[in-house]
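What follows is each chain in one-letter form.
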Amino acid sequence: MSLIVTQGLTKTYGTQVTALHDLTVAVEPGIIGLVGANGAGKSTFIKIMLGLIAPTGGQVRVFDIDPTVDPDRVRAKVGYMPEHDALPPDVSAAEFVTHLGRISGLPRTAARERASEALRHVGLYEERYRQIGGYSTGMKQRVKLAQSLVHDPDLLLLDEPTNGLDPAGRDAMLALIQRIGSEFGISVVVCSHLLGEVERICDSLVAIEGGRLLRADRISAMTEASEVLAIEVSEGTDELAAALTALELPVTRDGRMVLVPLTNEATYDHVLRVVADLDLPLHRLDQRRHRVAELFATRETADA
Amino acid sequence: MPESSVIHDIGYQRYTGPRLGRAAVFGAIYVHGLRAAYGFGRSAKSKIFPWLVFGIVALVAVILAAVRAQLGTLPLNYIQFADAMSWLIIFFVAIVAPELVSRDLRAGVLPLYFSRPLRAADYIGAKVAAMVTAVWILLAGPQLIIFLGGAFTTKTGMSGVWNEIEDLLPAWGYSLIWALVFTGIGMLIASLTGKRAFAAGGIVAVFLMTTPVVGVLSILPSSTAQDLAGLASPMTLVSGVGQWLISGANTGLNIGEFGPVYAIEAITLVATCLLLLLARYRRVASL
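Protein chains in written order, with the UniProt record's numbering: chain B, 1 to 304; chain W, 1 to 287.
Honestly, the hints are just simulated from the structure, not real lab data.
All C-beta atoms, glycine included, are put in the ideal place defined by N, C-alpha and C.
Don't take each hint at face value.
As the list claims (entries may be wrong) - Covered by chain W, according to a simulated footprint, are these stretches of chain B (three or more residues, beta-carbon under 8 Å):
(1) 8-16
(2) 83-89
(3) 145-157
(4) 269-278
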């Protein structure tokens with residue numbers, strides 16, 4: 001069963017602003033990165049999935065439930081971490097998360113126990129009786145994450161969870177999200193405008209730009225087809241490129257390096273034979289993985 | 001979950017217990033709000049004001065009960081007692097309404113509420129119910145003190161106690177009207193701003209500004225104008241309803257034959273405030 005399915009999902013505000021345009025995507029359970037620049041429509045997409053706003057057109061189903069028709073059933077299975085500050089300063093984290101657990105329908109004792117557990121999982125067990133107003137930004141982000149976990153959802157929607165964190169805090173938060181996704185058995189949608197950040201922890205990526213779907217696929221599928229062989233020789237780079245082109249290999253030049261797409265095992269042999277035949281001093285030969293960002297970049301230029 | 005069951009060794013436990021419905025969630029917000037109104041579960045600082053007001057009102061009630069025990073007559077009846085406390089009620093409302101609604105607006109907590117199985121009507125309905133109860137307790141508790149003082153010192157036995165009960169119950173109903181009108185107005189004003197000081201000031205201002213209007217209207221030469229003057233301020237509006245409904249209320253307010261007008265305005269006022277609150281939170285919930 002797909003986790004989230006949309007069909008031609010569109011959201012416009014008035015006649016001028018289009019937040020989402022004809023978004024059709026099917027997402028499998030796992031850790032999903034939802035990437036796009038600020039204003040690309042990520043938050044709008046999340047709010048539609050929560051049934052907080054109604055789409056102008058198209059359909060959306062989460063756990064095969066339509067949030068526009070039955071928001072309560074979707075929300076019972078979903079935890080939401082908003083982007084902005086959402087914490088009162090004058091209560092303790094334990095009390096606040098317990099209260100929100102009860103708002104999710106947990107009985108009193110269960111809410112208290114699960115609040116303690118959720119705060120422990122995000123690493124705030126010792127500090128949980130202190131007032132939230134005295135917490136650092138990183139601790140506040142953890143409280144927001146804990147409240148999204150308290151009612152044991154099957155899906156977390158995290159809107160920019162690393163916002164405002166220093167590099168160490170970002171790494172810790174990403175590690176935590178990865179643990180939730182892989183060990184807790186909870187699917188996670190991580191919204192971010194930083195592709196490099198989410199691609200490290202995600203199983204699949206959905207990229208949107210200006211409300212339109214740029215690309216949606218599993219990370220493995222995106223990177224597998226794109227491995228390249230980088231060859232660097234101390235001299236004779238031009239001869240090498242010419243010889244490889246003669247073998248009908250699609251060669252590209254990147255500074256002092258020659259790049260050849262690694263389509264099959266034979267590519268290695270071809271390259272090594274050419275280098276040996278020309279008797280060139282081989283400086284470096286390695287297999288490179290494209291970063292996902294480069295894929296988007298090439299695709300965008302191809303579209304243009 | 002469709003995935004095959006796996007035993008996770010890291011201590012994360014899935015929750016398999018009951019998930020309660022909207023009624024229980026309403027109850028949780030109601031209790032939370034009622035506790036917050038009196039500063040329970042909050043810092044010592046936020047307990048000061050509600051308990052100061054409650055202490056003064058209770059002290060007045062104790063003094064009244066003591067005076068009656070000595071002299072045999074009550075200087076103020078239950079209805080007059082509630083009216084006499086009106087400014088304390090306003091201060092209480094000006095503190096509690098922002099505590100219940102402005103605070104959530106300010107901290108941005110609402111997205112956390114409304115991303116859960118909860119409707120705007122549940123949220124604001126529970127908050128209103130909590131505040132009505134809090135204001136009612138502020139009056140009804142001290143009224144109970146006066147009653148107990150009277151019941152224990154009555155010289156006519158059970159019939160004396162029964163007479164007191166017959167006075168107390170309408171007075172409790174009267175306190176409920178106070179609570180409804182003041183909660184409606186106070187909460188509506190507080191829901192417009194996240195700044196507590198603005199909300200509190202706005203609430204006091206509304207009550208302050210309407211009082212002189214009543215004063216001016218009540219000295220007009222027309223007796224109809226005098227009888228209707230009380231409609232201009234929430235405080236005299238409530239007194240007027242009490243004067244009409246409860247015999248022997250002796251609020252000192254002249255309402256002539258216009259009692260039903262006072263009642264209709266009170267009902268309309270409360271209903272309008274609640275509908276505006278609901279409309280406001282419908283909008284807030286979708287953001």
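Against the structure, the hints come out as follows:
1. Residue count for the region 8-16 of chain B with a Cβ under 8 Å from a Cβ of chain W: 0. That is fewer than the three needed, and the coverage hint is violated.
2. Taking a C-beta to C-beta cut-off of 8 Å, the region 83-89 of chain B contributes 6 residues in contact with chain W, enough for the three needed, and the coverage statement holds.
3. Requiring three or more residues with a Cβ within less than 8 Å of a Cβ of chain W, the coverage given for the region 145-157 of chain B holds, as 4 such residues are present.
4. For the region 269-278 of chain B, the stated coverage by chain W is not satisfied: 0 residues place a CB nearer than 8 Å to a CB of that chain, which falls below the threshold of 3.
Hint violations for this structure: numbers 1, 4, all remaining hints satisfied.
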